[in-house]
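Colleague: Residues per chain are reported as follows:
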Amino acid sequence: MRLSLKVILVIAAVLLVSFASSVSSSLIALKENQDKSINLSKQEFLNLSQGLFHNSSNLFFYTLNTIDAEAPTGTASETILSYIGDIDPNGDNINVINLSDHTFLPNYGHAGGVTLLDPTTVNNAFSQNKVNLTADFEFNNFSQFASDTTENITPTIIHFHVYNNAGLAVGYGDAFTAEKVRVEYLQEQSNNLFSSFLLLFLVIFAGALVLTTVVIFFFTRYVIIKPLNKINFGLEQIKANKLATRITVDKKDEIGEMADSFNTMASHLESYTNKIEEARARLFASISNLPLGFLLLDTTGGILLSNKIAQTLFSEKDQTLPSLSALFTPNIDISAFNSLIREKKSYELQEATMGDRSFHVMATPVTISGPGKNDEVIGSVILLEDITEEKRLEQSKDAFLAIAAHEMRTPLTVIRGNTELLLDDPSVKNDAEFKDQIESVLRASVRLLGIVNDFLDVQNLEGNRVPLKIEPVNIATLVTGVVNDLSELAKEKQLTLVLDIPPDLSTLSFNADKFRLQQIITNLTANAVNYTEKGGVTISLKKEEKTVKILFEDTGIGISPDEQVRLFKKFETGRAFMRSKEYGSGLGLYISRFLAHLMGGDVTLEKSEVGKGSVFCLTLPLEGIAKQ
Amino acid sequence: MSIDTKPALILLVDDEKDVMAVYKMKLERVGFRVITAPDGVQAIQLATEQHPDLILMDMKMPVMDGTTAQAKLKENPATKDIKVVFLTAFSDPTNPDLDIKMAKDVGAIDFIKKGINLDELIAKVRSYLEK
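So the protein sequences, as listed, match chains S and X.
First residue of the first sequence: 1, per my numbering; consecutive thereafter.
First residue of the second sequence: 1, per my numbering; consecutive thereafter.
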C-alpha cells in the first residue's frame, strides 16, 4: 500500500474513531441523563413542591393524599407523592388506577381555591434536579388562579383516587401541570445537557486529537522516520566507505522501494569500486615492476605518481624525490620543459646527471580525449633509465681502448722511425733485397700505425671529442695537395691519377676544418687507388646550388650489392679485405662519413659495378658549417 | 745544414730511449747536433749548461714531467728564451686537447704529435729554428 494512502487512512481512522467516540459517549451521557430523569425515587419526588400551574401539558405534579380509613372524607393524613403513570396528550386517559371525572379542589383549607406554590419554590425543586415526568395533561380552565400566577396560564387540575388491591380507596390526589417549568427546566437541562454534551464532546474530541497526534507521531516515526533513518544510516556507512552495507526495510511502499534502490546502488558502487581498485592495483603493479623509473607529472611539473625505482634512482639514501629541476639542469629548465609538453612534444635527454648517477631520460606528453576534452594535455610521463653503470663501462672501455691505442703508438713510432732511418742509410739503399724488406716493414708499420690512429679517431669521434677547427679552405688547393701525395703510389701501380677542376671552381673557398677535410679526401683517394688494379682514378669537382661535390671515380674491382650494405660500417672492408691484405683498417669510410656529417655534408657511393669500378661522392655545404 | 754557422743544438727530452734514439739519429743525419735527457731534471741541467737552440720535450716523464720542467726553464733568465716544443703522445688519450692547452699555457711554441714521420719532423724543426 502506498505511503500517502497509509498516512491518509491512519489520520482518517483516528479522526473517525475520536469523533465517533466523542459522539457516542456524549449520546450515552445524554441518554443516561434522560434515564436518570425517569428513575426518580419516591423520596425524591416527595421533596418536590406541589401545585404548579402551566399552560400546556407535558408535565404534571400531583399530590397524593392518603385517606385515613377512619375518616374517608377527612383530611389527608399523609401526603405521598408518587408517580402513577403517563397521561396521554389529550388528557382523556390517564394511566392511573382510578380517575374521577369530577374535580374538586385539594384540601388546603380553601374552598374554591387552590393554594399555589410559588414558581420559585417549584423552580428550586427542579433546579435541584429532582423530577422529570412526562405526561400530557389538559387541565381545566381555572381562570381564578390567574391572579396568583405571574403569567396567564390556565392550569388544569385532575382529581384522582387511588385504590388498593382490595379496591379500597387509599388515597386521592390532584394533578397539576407544571409544563412551563418543565419546559424551562428541560431547556435548562437541555442547555445544561447541551453544554455538558458540548463540553464532553470537546474534551473527548481534544482527547481524540491528542490521540491522533500521538498516533500520527508514532506512525510517522515507525513507518516513515525509522525506515528513513535506516536509509540515512546506510548512506552514512557508504560515505564512510563501507560499501558492503545493505539495509532491510520490509515494507512494500515508497520507502521500501527507496531501500531497494539504495541496496542496488550500494551493490553497484561496491562492484564498480572493486573493479576500479583491481584495475588500479594492476596498473600500480605494472608500473612498479617496470625495469625503469616511472614518473607521472601534471602540467606544472608536479609529481603525481612515481614508482619505487624512480624513488631509489633519485636517492638511495633517503628515498625522497627531489625536484625535477635537479634532473633537468642544466639541459633544460622546468618551464621550458612544461612548454614543450603543452605543445604535445616529447623530450629526451641522452644523459642527465644527478649526483654521481647518469640517466637516460625520456619524457612524453600525456593526452586524454573524453567528454569535453579533445586530446588535451594533462601532464607527462617520464621514464628513467639508469645508465650509470653503462656509462662507467663505456668510459672505462673508452679509456682502456684509448690508452691501449695510445700505448701502441710509441713502439710503432720507434719501428717506423727506425725503418725510415734504415732506408736513409746508403748501405740499405744499395742492397735492393734488403731495401725491399725494410720497405715492407715500413709499410706494415705505417699501416699498423694508420689502424691505431683510425681506431683512436673513431673513439674520439664517437665520444664527441673531436672539435672542428673552422677556417676558409680552398678546396682546389687541398685536393691538389692530396693528389700529389698519392701520385707516387699511383705511379707504382701504373695507374693514372687525374684531377678535374673546372676553372671557375679553382678559387672556390668555404668554411671547413682543413685537416679533417684533407683526411676525408685522402681516405677516398687512397681507397680508389688501392682498390684499382688497372686503369686509373679521376677526381672531379662539381658545384651545385647549395653544395660542392667531389667525385672519386675509379676503374677498380667494384663493390657488390651485398658489400655495399656494409660499406660505411665499422670494420667491414668487404671482399677487398681478402684480396688486398695490405690495405685498410676497415674504419676509413666510417670515419670519413662521420667527419663529413660533422661538417654538414656526407660521403656516399654514387654507383659501383663489380669488375668495372666505383664512384664515391663527398658532398659539402657551400655555406660551410657554423663554428662550434 | 747551414754552412756559415755552427749547426743548431737540439735538446731531446724523452723517457723512451728507443724513440729518442730514432729522433736523434735522424736529426744528426740531417746535420743537427743533439743532446739528450731522460727526464725534466736532467733536461734543465743540460739546458742551463749548454744553451740549446731548441728543446724537443716529451710531456709525460718520471721524476719531473715536461710542463713542470718548462715552467722552471721559464723562471730561469738563462733559459727562459729557449724555444720549447712539446712532443705529445696525448698523455690523457681521452682528452686530446689537454696536452695542447697545457703546452700553450706554459709557453711552448708548438707541439708535435709523436706519431709523426721523420721528414715531417725535420721540416718542423727547421721552421722553428728559422723563426
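Heads up, a few of these hints could be off.
[Unchecked claim] Each computed DSS-like pair below joins lysine-lysine, with the alpha-carbon atoms no more than 25 Å apart:
id, chain 1, residue 1, chain 2, residue 2
1, X, 24, S, 514
2, X, 104, S, 435
3, S, 469, X, 124
4, X, 104, S, 469
5, X, 104, S, 514
6, X, 80, S, 514
7, S, 429, X, 113
8, X, 113, S, 469
9, S, 397, X, 113
These are computed hints drawn from the structure, not numbers from a lab.
Just so we're clear, the structure is a prediction, and the values are computed from it rather than from any experiment.
Colleague: State for each hint whether it applies.
Modeller: The hints, checked one at a time:
1. 24(X) / 514(S): violated (31 Å)
2. 104(X) / 435(S): Outside the cut-off at roughly 41 Å; violated.
3. 469(S) / 124(X): Measuring from Cα to Cα gives roughly 21 Å; hence the hint holds.
4. 104(X) / 469(S): Between residue 104(X) and residue 469(S) the Cα gap is close to 17 Å, so the pair holds against 25 Å.
5. 104(X) / 514(S): Roughly 21 Å between the alpha carbons, so the hint for residue 104(X) and residue 514(S) holds.
6. 80(X) / 514(S): violated (33 Å)
7. 429(S) / 113(X): violated (28 Å)
8. 113(X) / 469(S): Holds: residue 113(X) and residue 469(S) sit about 17 Å apart, inside 25 Å.
9. 397(S) / 113(X): Since the Cα atoms of residue 397(S) and residue 113(X) sit roughly 23 Å apart, the hinted pair holds (cutoff 25 Å).
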